Amino acid sequence: GEDVEQSLFLSVREGDSSVINCTYTDSSSTYLYWYKQEPGAGLQLLTYIFSNMDMKQDQRLTVLLNKKDKHLSLRIADTQTGDSAIYFCAESLSGYSTLTFGKGTMLLVSP
Amino acid sequence: NAGVTQTPKFQVLKTGQSMTLQCAQDMNHNSMYWYRQDPGMGLRLIYYSASEGTTDKGEVPNGYNVSRLNKREFSLRLESAAPSQTSVYFCASSGEGDSGYEQYFGPGTRLTVT
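These protein sequences, in sequence, are chains W and C.
Positions 1 to 111 (our numbering) are the ones given, in order, by the first sequence.
Positions 1001 to 1114 (our numbering) are the ones given, in order, by the second sequence.
Since the hints were derived computationally from the structure, they do not count as laboratory data.
Being a predicted model, the structure only gives us computed values, none of them experimental.
Warning: the hint list may mix true and false statements.
Claimed, not checked - Example chain C residues on the side facing chain W (calculated, C-beta under 7 Å, incomplete): (1) 1039; (2) 1061; (3) 1063; (4) 1064; (5) 1102; (6) 1103; (7) 1106; (8) 1108; (9) 1111.
In this text, a Cβ means the ideal position worked out from N, Cα and C, and glycines have one as well.
Next comes chain C alone, as it looks inside the complex (with noise of 0.2 Å):
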């Protein structure tokens, strides 16, 4: 079991510039998300997907796009990147454990906007 896995770990943009991050999960699980961290402001939501072929908007979805590809898969786009996107993206995704619903991230993307 991998768990989740995120691709690529770093990543440099110029403004303007569009990407893809792509984020795989192998526990099975019907939820994932993406965040954003930056310092000091913890954690935040940019969108999340309940079941595949849904997805919905979290509390920072603006320069966003996201594609719930099939169960496994959830990729985070950013269509034309600005500094304001520099950040770490983790990508997460949850089912039921053992004694409650858990959730996992992956180890994030290091995006830097120039």
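Extracted from the complex, chain W is given alone in its bound form (with noise of 0.2 Å):
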């Protein structure tokens, strides 16, 4: 079945680059996807990348998908206090399928 694997923490200073894992089992993913989730809050779509796509930059913001690996990545260029969060990835099989989502990476960012 479908399974996706996020590292718990990471803790990062201001002005630094974070980067962010995430695994997947299942080749047959088509999207894939980053949210962000501030504390008492829902879930904010960040960026997602067609699984036939390598990189996908949006400001600050740079995924990259590794296919044979099944590795997905989020990069936070300048990382701010207000990154602060936990990050999820999710992948859908479609995009009428539902998403499978990982555990979340708890992101601080000290001054």
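The two chains are supplied separately, each in an independent frame; assemble them into the complex guided by the hints.
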């Protein structure tokens, strides 16, 4: 079945780059997503990548996809304290199908 | 555009009580979902509705029922609440965006069952 794994915690200093990693098991995954959740809030869609792409850049965010290793990463450049949150990776087999989420990576940014 | 809205934001129930969580979206999406979020468990799918008139079970459907009232609204009902259903419940909807399929979440309902 589908499974998505993420490291639980990452701590960085303000101004550094953050890299959050995710691995997934289903090679049929079509879309891979990154969501951000701030305390007490819902999930905010940050970015996503279609499986025929290797990289997607959106302002300070860069998503890298290695399909051979089933590895997805989210790089946040110039990390700010406002980036402190839990980041969820999720996969979907098709646009219409449900999402399978990882357990989330808590990013802590210190001044 | 309000996106996905949920009511109520908070609720406390006693064991055995029933309640319905409401969800609505204004993005004209066909698909809607209910998830629960528990510490250390990520998000788990309870039920989903791929289109108006259809509903399907997700990973953890026991103790819940759903109704897709129309294209906009998808409700989740707890018939006899149990402490194990203490959780944060998120509704979501999905549809085609600028560069692919996008799933958007509501702000959540924080439910405590005593």
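Here is how each hint holds up against the structure:
no. : hint : verdict
1   : 1039 : violated (10 Å)
2   : 1061 : violated (12 Å)
3   : 1063 : violated (19 Å)
4   : 1064 : violated (15 Å)
5   : 1102 : holds (6 Å)
6   : 1103 : holds (6 Å)
7   : 1106 : holds (6 Å)
8   : 1108 : holds (5 Å)
9   : 1111 : violated (14 Å)
Consistency note: the structure conflicts with the earlier hints numbered 1, 2, 3, 4, 9.
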